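Asker: Protein chains in written order, with the working numbering: chain V, 1 to 205; chain R, 1 to 653; chain S, 1 to 305.
Just so you know, these hints were derived from the structure itself, not from any lab. Keep in mind the model is a prediction, meaning the values are calculated, not measured. It is possible that part of the hints are untrue.
[Unchecked claim] Label-pair restraints from in silico Cβ distances:
1. S:T32 / V:A132: 45 to 53 Å
2. R:R500 / S:E158: 28 to 36 Å
3. V:L6 / R:R500: 43 to 51 Å
4. V:L6 / S:L126: 56 to 64 Å
Don't be surprised by glycine CBs; every beta carbon is placed ideally from N, CA and C.
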Amino acid sequence: MMNKTLCLNSALPTKDSNAPNFSQKVAALSQQAIHTCYQCGNCSAGCPAAFAYDLQVNQIMRAVQLNQEDLALSAKSLWLCLGCATCSLRCPNAIDVARVMETLRHLARQQNKITVPVVEKFWLSFLNCLRAFGRSYEIGTMVLYMLRSLRLTTDLDLAPQALAKAKLGLLPHTHAGRAAVGRIFTRFAESEAQSKRDKEASSCN
Amino acid sequence: MRIGVFICHCGSNIAGTVDCAQVAAKAALFPDVVYATDPMYTCAEPGQAAIEEAIHSHKLDGVVVASCSPRMHEPTFRKTVERAGLNPYMFEMANIREHVSWIGRDIEANTRKATELVRLAVEKLRHNRPLQAQEFPITRRVLIIGGGVAGIQAALDCADGGIPVVLVEREATIGGKMAKLDKTFPTVDCSACILGPKMVDVAQHPLITLYAHAEIEAISGYVGNFSVSIRQRTTYVDWSKCTGCGTCTEKCPSKKSYDHFNEGIAPTTAITIAFPQAIPKKAVINKDFCRQLNGKKCAVCAKVCPTGAIDFAMEDSFVTENVGSIVVATGYDLMDWTIYGQYGHGRYPDVITSLAYERLMNASGPTGGHIVRPSDGKEPKSVVFVQCVGSRDPAIGRPYCSGFCCMYTAKQAILTKDHIQDSQSYVFYMDIRAPGKMYDEFTRRAQEEYGTHYIRGRVSQIFPDGQGQLTVLGMDTLLGRPVEIKADLVVLAVGIEASRGARELAEKLRISYDAYGFFLESHVKLKPVETNTAGVFLAGVCQGAKDIPASVAQGSAAAAKVLTLFARETLASNPQIAQVTAKRCVGCGKCLRCCPFGAIKSSLVKGEEKAEVIATMCQGCGLCTATCPQGAIQLAHATDDHILAEVNALCRL
Amino acid sequence: MQLAYFPGCSAKGSSLDYELSTQAVMAALGITLKEIADWNCCGSTPAHAVSSLLSSALCARNLDLAARAGADLLATPCPSCLSNLKATSKRLEDASFRQKVNALLDAPCAETLPKTTSVMQAMAELVSLDELAQKAKLSLKGLKLVAYYGCLMSRPAELMQFEDPENPMLMERMLTALGAEMLDFPLKTACCGAAFGIPQRPLTAKNSGRILELAANLGADAIVTCCPLCQMNLDLRQAQAEKAMGRRFALPAPYYTQILGLALGLSPEDLGLAKLVVPMDGLLAKLTPKQAPLASEAPSSEVSE
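Whole structure, please, built from the sequences with the hints as guidance.
Answerer: So, in structure tokens, the structure goes:
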């Protein structure tokens, strides 16, 4: 993927279409002036996850500028971003790069481009517990995550200490709001499903 | 009246979105218009010849040209009609380019607006009267503000051309930033060796009067006759007695003063002579650090001074100089880079500015030219240079390029290797800007011959690693990998900003400045050293980032402008000035108070107070005409009648 | 003094010691924390990583509960919760977004929602450094500490509005007032690796390792924290960081509230010190009773040179 020669012409806007191109779409969703990025690399220079990235942050910004949707949304980096916003703080063009990364993550998820599934599995495990209990439940999250990711020994090295120090609640703490939180999740799932149906309907037309 | 109208196509600049032929056809129907046409390029030689020809053949006594902004070509066309025998003020210009064709694409609307503007110009012309300029004598002396290399060049050129020069320098010595530099690119010749002789020439030139440690207090007057008040800031040393022997600086016990000339890389004494080649080579006491001036008993300098030059009671004094022209060459300052928290806010001693690095490398600097780390005096082996610190950084409101950092950084990398053979330099850059003669070759040399590693990317953070070195976190965008360098010394190529006080000085000079405080030239391409105030010229970085050769060239250019201005004994006054109708004037004096040029005085006419305009001082700004409650002051060439005629014409359309 | 309080989920689990020490210190300073009833998780990173809407709905419910309880200021000890709450308040300024959030809630959230702040900032607002120093029973003199803030206290800067985002100094000011020597710590806002300790261990181990290494190189006795997740990465996961960096740190990573509590004379039990994985015994031994300023030490009016 990374070594493929990119054809930039295909990304040119067509004259008779008013539909925003990928770059404009990301700019609108993130409310960031993507076109002002001049590739100084400061975002990547300070990125604490850069060593694990397949595509550096500045390269992702470049891919967006050139409307390389597939390249940008397939980057594993989107899922390894720690969300620390060091990039945003130091961008000389005042682009909130972390917000652009988050926007791309949302778009990638919508297109089922989940290139680091373990990260998403961890998040979904967390959210499933949250949906059930209203508050986060660390052991529950871990068990769910280990089952989903089939990484059954995750953090087993920490378990003795964590349990000895009572760092992990063995039981979820219960509270009256859990049902209300469950309803938030249910409505959210419905709204996601609805917007997906709307999108499919509009693309058929 | 017989009026000719010329609707210029300006190639496609105007004709692209204005139907020029139609405008000409409509103009032919306007009152008193006897001839209308639409030439391709009116300002070109054939275009001007056509105007002259039309004046003769159609017996025109007034001309309207509808084309571009009058800023550039009104003088051109006034000369054209004058050559054909008309008074130059029997000419009007309508701006249908900047005000019409460049700002709208609707041909129909543009054509209509262009027609309306031509209609106004015709109506104004119908009310014009021939005006005659007066000649007034000028003071053939020039004031040069700023004694950096640009100001020095301007001063020497003017003085060599026979014009007496008043040179005002804010610091205690002339030489500016160049005097602080070690070597200069791309030849790597010693800065002091090439600048020093010029500084001595300034000191020795019989036609140059130097005021160092002095600032401009106030300026009044106009081209040909400015009056300048200069504040001689106190030095606490009587320079008429000081021989520059330096005994005082050796004996001064206050040895922890901030050394401005050496960019603070080492402390100095409270009484100093900036550097060995200083011009003038005179001592100055830094009031902030002098014991005697801070209520303690000391006065050691006064005791040791062999000529009794120390004067603790000295105060600022003022001098007035009359000049006919002014060259502004106030240079620049470095921006305050300590706003960058990611580079330590200035709290890491081994993160220094490039200008401080010059003083570290300079044989006349505090280390005698040995490159050592400010923190521990050790020789650095790994030196990181960071470009664009405070340049091209819109997030902090500094989008502009500082112009010369790429080049001096290449030079500093080369010199680092020359000084310390077993050192390695790294340069973090965004783009290498080296478009001058032999410049790109120079940056290549830094890489090819001196082994400097150029890394394309900005630096995110610099911090001490707790083990005596600095960690530099950067990015190599060419490799697509973040990089980390352990550095002994980090040199920041700090961006430039307009010299402190530039805006206030611009107000005094009545010249314009841009959003960043750099002075505005009259035309970005064709009048690069002129300002919009007649007789005031620019040289050097005060106008915008430029390197030494460009600054020197501008210094010479400004001098040429001064010499051109002074090639005549007198100047023609602008006849478009205010005039008082004494009958209507009630002597209320409002015009006297509002005139920014002091060009109106009160005089007795038949025992009554009346306003009177001093023709040579009036700049024709029109403030008084708007202020006069009686309508007694009118601006020639823009009277109430003129304006009402235009309004009427527009309303009738 | 009363302060509406959102403890966050960690307070009831992995950072119980933060919760204990926060409660104990605030009580000692005369501030009562009033926990909002029936609160829920802010959604943490996973919620906003999946959807801003989901994250905001979860937070909006909490802000609404606080508003209905009459709070105009809501404090939380957890920077991650604070960041989500603040981001939600900001997003809710947009009417159409607010409408979407309301559609996910049982009932539309209150028109006016409380402002949000960290317990640390609230403490600094309510208790001056002088007062803090006066209330101290033990001196931190002789302790060399570094303050570590992590990412979210100060970033995104416009949202968090916390100190100089590159060099916050609030913990330094507090701990200096109590006698500690605070070392300049350039990585005080660097990222520890956040929640990636579970799915991508190297990300967390290397980043936490880098931070611990600098603190150790500087000679710190402890790295003082204010975020449950950072604290977990620096303390519980310190062994993983040590493995990644190939050296041993044994550097305690207490919460700032635990250090403040010690200075205020609170017991190690009240402060949950036993929950720290890297023990603080060496540090505890350095604490000395606070000495009343002696007359001879009073600043003299004129110091001769």
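Asker: None of the hints should be skipped; say for each whether it holds.
Answerer: The hints, checked one at a time:
At about 32 Å, the beta-carbon gap between T32 (chain S) and A132 (chain V) misses the expected band of 45 to 53 Å. Checked against the given bound of 28 to 36 Å, the beta carbons of R500 (chain R) and E158 (chain S), roughly 30 Å apart, stay inside it. Between L6 (chain V) and R500 (chain R) the beta carbon distance is about 49 Å. The supplied range of 43 to 51 Å therefore holds. In this structure the supplied range 56 to 64 Å holds for L6 (chain V) paired with L126 (chain S), their Cβ-Cβ distance being about 57 Å.
The structure fails to meet hint 1 from the earlier list, while all remaining hints are met.
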